[in-house]
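*Asks:* Two chains, two separate frames, one set of hints: put the complex together.
Here's the letter readout for the chains.
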Amino acid sequence: MRGKFKFLYVVLLSIVLISACSSNSENSNNGQDEGSTESTGGELKFGLAAEPDTMDPMVQNGTHGRTIKLAIFRGLFNYNKEGELQPQLAEDYSVSEDGKTYTFKLRDAKFHNGDPVTAEDVKYTFDRILEPGSKATFAAELEVIENIEIVDEKTVKFHLSEPYAPLLHYLAIPESVIISKSWIEEHGENADPMGAGPFKFVEWKKGQEFIVEKFEEYYEPDKPKLDRIKFVFYPDENTRVNALRAGDVDLIETVPWKDVESIENDPNLKLDSVNGPFMQLQFNTSFEPFNNPKVRQAIAYAIDRSTILNTAFSGRGEEIYGIAIPEGYMGYKEEYANYFEHDIEKAKELLAEAGYPNGFKARLLATSQYSFHEQTAVAVQSELKKIGIEVELDLPDWATRIKKNTEGDYDFLVAGTSGDITDADWLSNFYKGGEVRLNNSAYFKDEKIDELLQKGRIETDDEKREEIYNELIERSLELSPFVYLTWREQSYGMSKDVEGFKNLPGFLSFQSGITLDETSIKQ
Amino acid sequence: MIKKMLKNKVFVVCFLIFISIIVLSLIGPWIAPHNPLEINSSKVLQPGDSENILGTDEFGRDILSRLIIGIRPTITVALGATSIAFVFGSLLGMIAGYLRSLPEKLIMRSADIILSFPPILLALLVVGFWGGGVRNLILIIGIVYMPYFARLAYSSTIQVKGLEYVQSEILLGASHFRVLFKIIFPNILSPLIIQSSLTMAAAILLESGLSFLGLGIIPPEPSWGQMIGEARGYIFTYPMYVIWPSLLLGLTILSINLLGDSLRDILDPKIKIK
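Protein sequences, first through last, are from chains A and B.
Just so it is clear: in the first sequence, position 508 is 593 by my numbering, and no numbers are missing.
Just so it is clear: in the second sequence, position 217 is 218 by my numbering, and no numbers are missing.
The shape of chain B in the complex, shown without the other chains (with noise of 0.2 Å):
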């Protein structure tokens, strides 16, 4: 498995830049030049210079630093969000697909409703009633992505269920405890797996999203989708404020979502059974 994964060049560049990201917002705080929150009326959008590198926004704070401080927030939604959706909208999903009956019907008609709605629908109105913030935002998100989870588990966990050995050692009087966890989950894994990294980048967008309306991280912690929306305004006046995080932003995206395929390639397009 491993050796797959080294040879697959397009895996490892986008694995290294998820990891470095990952580090970079772990570290941030330590190697942010400046406080990204000081306040500095003085000097306002000022271009680059040896003290401020990358410049400096409408409040003459450091860019640079508030770009590696807004990792933070998206990071952790992305993360928080996608482990909800992941654990458990695969239980869900794992549980109508194995009891099948009532369970499945009001699991998978529930993930109907919410696959109805277009996710940043869903999200501006819950934020609309309860507010933004880290936290709102990776229960808003997670639950707004846990039907992909479902609908994945489910359809996998009834294959997996329909094999042969399955069917016997459920016969043989394997709890159901068992059958699921030991067996079934292990099995269905792979696409779990291909998901969650769509999801992440999904997620990673939805809040850039919403915190560019001004709906999601609450200022003045900074998010990329959040300089992105404030530096709209400066476009004439400073360009490279709204370049920085857009560019940053789009390459973060790309790289997991190309890190999604390559896992698709990597884990084999058709569900692999042991």
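Chain A on its own, in the form it takes in the complex (with noise of 0.2 Å):
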């Protein structure tokens, strides 16, 4: 008897190991093309590094939420792979002279079901997004627009309250896109997506994957060039990457940094690298020592960021002793990237200052969801210990992590972030004075930054405009309601059949979902 099995084990194995031996030259069979650059049709599978809770446009829900809504919407402008303005929705506009009306005439486009995109839809995107309540990310941005006229199917005019220099940039953002309004007001909030952008909603398995497919009836001729797209989501950065690795998908967002390299070096593959999000740490200005300039500059001192760079990013990115301004954006000046420098006794003699020459304690929010962040936050703990700062860690999961940066819950944070927008306005969404959101540092409210960011907002004379955010940025610099960190390199990487998907310059790489109507894939 022992004999027996004894046999039929030995069998087995090698089948199992012959099995996959074979199984992995099969593979490597892939991309024998007749030399065509480029192609059409095909499925792309893209990897996210995480789920979108919701589809509601209007919503701001992280990077892979961006990355699906533009590829089944469009907004009136969008961000082109140049990361300039582009007319979509709206093939042409005109401003009023004093600034406050802005006419936008509609090209021929479609939604998904058949319905031509007009001005009504326009209107109901936009009154959504305003109503009191409403959970639109942007509404305090758009609060300028007063009132939206229908004039005719294809016209429609935006009256302003005052003049606003980044309304369009506003209006280009993913969170503006189109919505059908008969659409939503017969399937209810809940709605499957439906846009007018190049490709149309097929099924969303929560948990594992979204499929889109080609929109035949797209407003450009020649695009999109692929016949699907299946976003399927990995938040599990290491699965991510080795999904990558054997073929599974073929393009992914958010390589980590350790795997930059390897990924680089492999013949198969291809990376696209941007600097454009930061590391930054943000304050909540109720919480004691952190309410005085002085304990915040103190930090921005003590930290040296090759520390982070090394260590959390694997020597990637650059260092940011000053404000985080891409170079080439309004604002950007030499002085301003370099305010301040790694200077341990200059920090002690600020705390003294302010204070507190024994240090104190502090919490500190990250995540242990992203190793980036953790890291960050390991690495910070590390290098404010040295000047007398006993920080303790809050690593909770992403969606926790959220919750308690929307709600005030925390001492400080690391944050990871970005400008939604290349005007120098983005700003706003920072330092505008106020209670608790996302981006700010809880409670900050500084009255002559408020007063800058807003002559800022009107000013339509650009030399002038240079003028009153360099003054802004001076201020916020003494006053450093945040403390920036580095540069961080955003890389994706796909497989080296993968053309036409761009990884767009400074603040918008969160946005390169644009460019997946370019995107194709060799068969």
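Hints are computed from structural coordinates only; laboratory data are not their basis.
As the structure is a computational prediction, the values presented were derived from the model and not from experiment.
Just to be clear, a hint being listed does not mean it is correct.
[Claimed, not checked] Covered stretches of chain B, as calculated for chain A (at least 3 residues, CB under 8 Å):
1) 51-65
2) 108-114
3) 222-236
[To be verified] List of simulated lysine-lysine pairs, PhoX-like, C-alpha gap at most 25 Å:
4) A:Lys190 with A:Lys308
5) B:Lys44 with A:Lys471
6) B:Lys44 with A:Lys470
7) A:Lys208 with A:Lys242
8) A:Lys315 with A:Lys291
9) A:Lys379 with A:Lys431
The beta-carbon is built from N, C-alpha and C at its ideal position, and this holds for glycine as well.
*Replies:* Here you go:
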């Protein structure tokens, strides 16, 4: 009896081993093509770092959500692959003399259900965002819109309460895409997402994947190039990278920094990296030592940014010893980029001046779900120990961390974020005085800064605007409600067969989903 | 008894390993070559050399020192949780077995409820609410394993209580306390001790699992499970980083389990009655 079982066991084992070996060689035969540089059709499998909790476009819930939004929807304007504003559903526009009325002429475009995109839909979209109590992330930035007038089916007028330089930029973000009035009224708030973009919704298998397919009547000729996109959710970064290596997906977002080098060296893969987002510390200014600008400045001097870069980011990215304004954006100046430096003595001096010569205790909120967040927090904790600040780490999962952020349940926190528009007014979301929201330092309010933010918005002359923002930036560095840490190199990893997908420059890296309409894959 | 213990080679080896781990956890801070929390960002993920024998992790911290110090939270949680489970579980089980009727129903049904959950799921749930850290883990893991002791103590108590000489002690007027602690308890001790060693191994595994997921011991304090979790991402860059703690953890759990097995052999598979 025993002998028989032994034999069977050996046979089974060898079958398993042989099949494991042979399946490896099968996969490596992909990509043998006749040499065409571009092709149409096919399915792209895109590995995302998380699953969006809602597909309601007006809620900003992360890059993953925005990528899918930009496949399904379009706005009046959107940023194109060069990072410039490009008219989309609005074919043309004009601004009145006083800068308070914008007239948009809509192009002939259809929603996925065949209905034409009309002025009614535009009005409905923004009325919904501006409704009091709406969950729209950028409601405050669009508050300047007083009233939306429907002139005719293809013409809509936005009446503003005052001139507003960044208006078109706020109409170009993924949260301002146009939705169909009749669709939402008929199917309710939890309707399947339906827009006028290059891909239409097929299926959402919660917890697994989100499938879209080509919209044949998309208004741009020859686009999109793909037949289908399957967005697959891989919250664990190691699994995501392994999926790319194994060929389970063709493209992934947010490549962990420790894997960047090995992907660059892999003959079947390539990388598209930009320095776009940045890591920063946000302070709860209602928590005792953090209400004092000297303390915040001390922290800006105390942290050796290279420690964070070398440990959390495997050396990729760049240090920020000032304010995180990308080169080429309004307000960028050498001296603002290097306002601080690593100086422990100066930091201790400032702390003593502020009345804390022996340091103090504080709780740093980050997350255990993204290793670079956790590692940045550990590095910050170790640096601050050197000036006597005892930091206790709070590391919940991402959803809980966002909740604590928006509820003000933190002393200070690690944030990895970005401006949302390329116009200088991106600073508003961060610096405008207020209580608690995602991107501000809780309860921070400075009248001068609020005043300058307002002036900068309504000023339409570029030179004058530059002056205003320079003054604002100088004051913001003096008060340091944020301590900026590093530029983060944001990378998309993909198979060499993927063409046309581009990682947008600077702050727009999170909006790279717009290039999905030009993306193609060799078959 | 001692002779029997010494004769069983498996027991001796495993016991020695166990004792050395306990000793290491006590003298750890004094023998660790470096500060396990000291970050050295210029020497990240380096293989072993003269200064860092086992190499450095992603923060440039010395791996050997972190391994040595990493025993402490694990052993503390394991010993603490096992003690709680042993003391309270056995007590409740004895009460249930001695008094029967209502206490029995209450205690044993509660035990069943806890037992119906896979331990890690229950632990995850509680950690989600109250956070991790050594103190919380001791409590959570202790409570999760109480039912095992309760059941064991319960059935043993019933058996022992039914013996003639115990019955006669009760009839002669011995106080409940005396019967429970002087007569019944010594007789049910053997299976409870064996269960302790099994629980210790399970507790170590549970704490390591939680720390691996980032929900147990709070960084930067090291624990073997946590080191494995962090090293997972660097398998291709520096494999020894994940191999060392995995090996040590595996060895520890194996020896504690074998300790339990050999104890069972020594103390006899049947419950020994004086």
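*Asks:* Indicate, hint by hint, whether the structure satisfies it.
*Replies:* Results of checking the hints against the structure:
1. 51-65: holds (count 3)
2. 108-114: With 0 residues close enough to chain A, the hint is violated.
3. 222-236: holds (count 4)
4. A:Lys190 with A:Lys308: Satisfied, since the Cα-Cα distance of roughly 22 Å is no more than 25 Å.
5. B:Lys44 with A:Lys471: holds, 19 Å
6. B:Lys44 with A:Lys470: holds, 20 Å
7. A:Lys208 with A:Lys242: holds, 9 Å
8. A:Lys315 with A:Lys291: Distance ~13 Å between lysine 315 (chain A) and lysine 291 (chain A) Cα, so the pair holds.
9. A:Lys379 with A:Lys431: holds, 11 Å
Checked against the numbered hints given earlier, the structure breaks only hint 2 and satisfies all the rest.
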